[in-house]
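Asker: Protein chains in written order, with the working numbering: chain A, 287 to 724; chain B, 287 to 724.
It should be emphasised that the hints constitute simulated quantities derived from the structure, not laboratory data.
Incorrect hints may appear among the rest.
If you anchor each label on the Cβ, the simulated ranges turn out as follows [to be verified]:
| # | chain 1 | residue 1 | chain 2 | residue 2 | range |
| --- | --- | --- | --- | --- | --- |
| 1 | B | D669 | A | H588 | 48 to 56 Å |
| 2 | B | A585 | A | K716 | 53 to 61 Å |
| 3 | B | N612 | A | I684 | 50 to 58 Å |
| 4 | B | P581 | A | D609 | 55 to 63 Å |
| 5 | A | G682 | B | Q690 | 53 to 61 Å |
| 6 | A | N415 | B | H588 | 48 to 56 Å |
| 7 | B | D516 | A | K346 | 31 to 39 Å |
| 8 | B | G613 | A | E361 | 52 to 60 Å |
| 9 | B | Y356 | A | K493 | 42 to 50 Å |
| 10 | A | Y642 | B | D516 | 34 to 42 Å |
| 11 | B | N365 | A | T664 | 49 to 57 Å |
| 12 | B | D516 | A | T664 | 25 to 33 Å |
All C-beta atoms, glycine included, are put in the ideal place defined by N, C-alpha and C.
2 protein chains.
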Amino acid sequence: MNDKNSLENSISNDKILDRRDFFRKTAALSMTAIAGTSIFASEAVVDDSAIMHHVPWGQKWGDPVTKNLYGMPSEYEHNVLRRNTELLASGNYRASIAVTPIHESMGIITPNGLFFSRSHGGVAHVDPNEYRLMIHGLVEKPIVLTLEQLKRYPSVTRTHFIECPANGGQEWRGPQFNSLQFAKGFMSCAEWTGVYIKTILEDLGLKPEAQWMLAEGSDNSEMGRTVPVDKVLDDAMIVWGQNGEALRPEQGYPVRLLLPGWEGNLCVKWLKRLEFATEPWYCKEETSKYTALKPTGQAVQHFYANEVNSTVVSPSPEIPWTDLKNGQLIEIEGLAWSGMGTITGVDLSFDGGKNYVPAKLKGLVLPKCWTRWSYMHTYKKGDVLLLTSRAMDDAGYIQPTVDQETAVMGVESVYHRNGVETWEVTAEGKVNHVQIRS
Amino acid sequence: MNDKNSLENSISNDKILDRRDFFRKTAALSMTAIAGTSIFASEAVVDDSAIMHHVPWGQKWGDPVTKNLYGMPSEYEHNVLRRNTELLASGNYRASIAVTPIHESMGIITPNGLFFSRSHGGVAHVDPNEYRLMIHGLVEKPIVLTLEQLKRYPSVTRTHFIECPANGGQEWRGPQFNSLQFAKGFMSCAEWTGVYIKTILEDLGLKPEAQWMLAEGSDNSEMGRTVPVDKVLDDAMIVWGQNGEALRPEQGYPVRLLLPGWEGNLCVKWLKRLEFATEPWYCKEETSKYTALKPTGQAVQHFYANEVNSTVVSPSPEIPWTDLKNGQLIEIEGLAWSGMGTITGVDLSFDGGKNYVPAKLKGLVLPKCWTRWSYMHTYKKGDVLLLTSRAMDDAGYIQPTVDQETAVMGVESVYHRNGVETWEVTAEGKVNHVQIRS
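The task is simple: from the sequences and hints, build the whole structure.
Answerer: Here is the structure:
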């Protein structure tokens, strides 16, 4: 992991800053503050304490703590939702996707209520008391586990994104949605708890000739997918916990497969069966789907990891800069992620990818996890910007340009698009999704 | 941060384990597996694949992805809730607490729906469009900010616990609740997004004579509390985001104060006002409450950080070991936390604190954050265990014994109890909350 992005570095930002240090450090800045308007909040009212008495606060009892023993968002947040359109996936609401409002995202955790939901046969409801997981094939001791037995294995907790390989896949020929949520919201990130499959295999005994693992779900699509044993023995997990509670039904309650960094459809939900064998299965979902058509007419099979990727998150078409004042300092923020490792850096361009400056990685930087990046910008009213981000990972990859990507893959594929994205900020501060060829 | 607990170490557990390594490493274990029952799941059915065909799975469409655009837990998890009893706090449901089911917790994130909820005047509902934050007193440029203006400051995301200083405070004389949730569930942990107050003060200019900050909420209790400026300039935050979405109403929507590691009541919810001055305020909530009565009859004031603490989480009275078989390997898991820094180690005793063995810290180890620990134990049916945990932090503190703590604080206080806790496992595997004097 790159030193500048390390956790230690992140933590050292918190070192005790005593009062004397603070005043030495901020003397110059404070002078600016005294002289003129606030740098960040340029329209703020200065000391109009009368305002505080016009708002009818604190004049009655609030709700009892027993009102919602399982809490819900504020009614004022009713617009922050997963969303679906018939233009996404099949148009059948049971074999479709509801996407995450990443324009409203903060940090690296997606709350469970907003985690994107994709299914091929609808959201199954499995009774945890009837739940069984069968592990068989090339193992010394095949087994059928209840949920309680599965949970007795020593657990592990890891923070990873899950991304549909079709994230942005409508847009090979150019933007279809002037919306960050619809353009790039086929992904979310959470803290997962479960067991490494290698731990179970130490218990059951994997036969040396095993090369592939079939995973199958208990929904009506079954979602059979085959996984190479090397990935299984690396970091594959069987998970029952998401962000500190049981998986939600639409995430595969009570149990799903998690292959950190790999295509979301491989992370089979409502998991009922793992079978080990010498050959891959070539199931429906890895032949008729989830292959990528190249300009040669041939399709790529057996590709799994979501490649290094990034997008600007703020501003967005949904939350533009139309209220910003000239000269105001503003944070441009974005997300970067790689299914192959850890993000090592993100560059930001203001001219659609001709010139780049390095952005700052912020907060925790973890492998196969959303990584948030930031760049402080002084806004000039009237300027037109073409904001393009470009991420790098510790596997040695960097996002391709649009032309580099289409030269190899053409525009007929659906999956694994990771060419750079561009967001235009107009002279009025509106934001448009555009594609810059280069 | 201690090397063995570092993030790098945590990540290195994930290094590629190739198939050859795996088979070398597990050859001995696999032999055990082949010879007898599974180590972890000793009652599991071996290869009874008929079972898989008795369960009525996959025979109909599931729910459409559009059913819950804001998702909810499975109906089977209806028992995993915050809980309240009249025995907690005032008995008035508006000035009370609903506690977190930490016996069901996983990892270090508490989902927002289960985050403990404490209020002194009920849960206030503040319209974000009417929201105002006034910052005044000893600042060069006093200001009144709208929510939108506040959010324009550069943001920061940090994972921290919040703990009511009364966590376990009913139990100075001994256990009152044979329940982990009621005994130790006055705390939760989340990923918070907001702005460091030092960033705002760089903008506004803090006057050098400022020594104290008053924080006041807009609920009907106002919850006035005074904070030393050194803490404000260290890591105090104004937060609007929790686990990737807006704060919930019961957490102070739209804005609360966060003083990482310090008493929950100081993290003023529905925050409306910050004022800087040379002296503390001595508000109602820091004189009549939130002081600690000592055996001398004097009360301790101005104590803020929640001291180093820990508890066993699994097994618990709620989830006992009554189904475990003799000889089964089982993970004993717990939580440790310190408001003064980072957990450096946890010891576990099987005899109520006479002898200790070191437990393993697992997952992310972050400052002022829940840290999960683990110990693998071979269960002997019929043994009676007295499980006591003892945590240490990098500020140099270790949890006191019950006698050490009561010698200083007596048994008349309510707050800041961090003496070691003991959980008895009976010969039948039931779990009881007990107190061992030593």
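Asker: Which hints from the list above does the structure break, by number from lowest to highest?
Answerer: none
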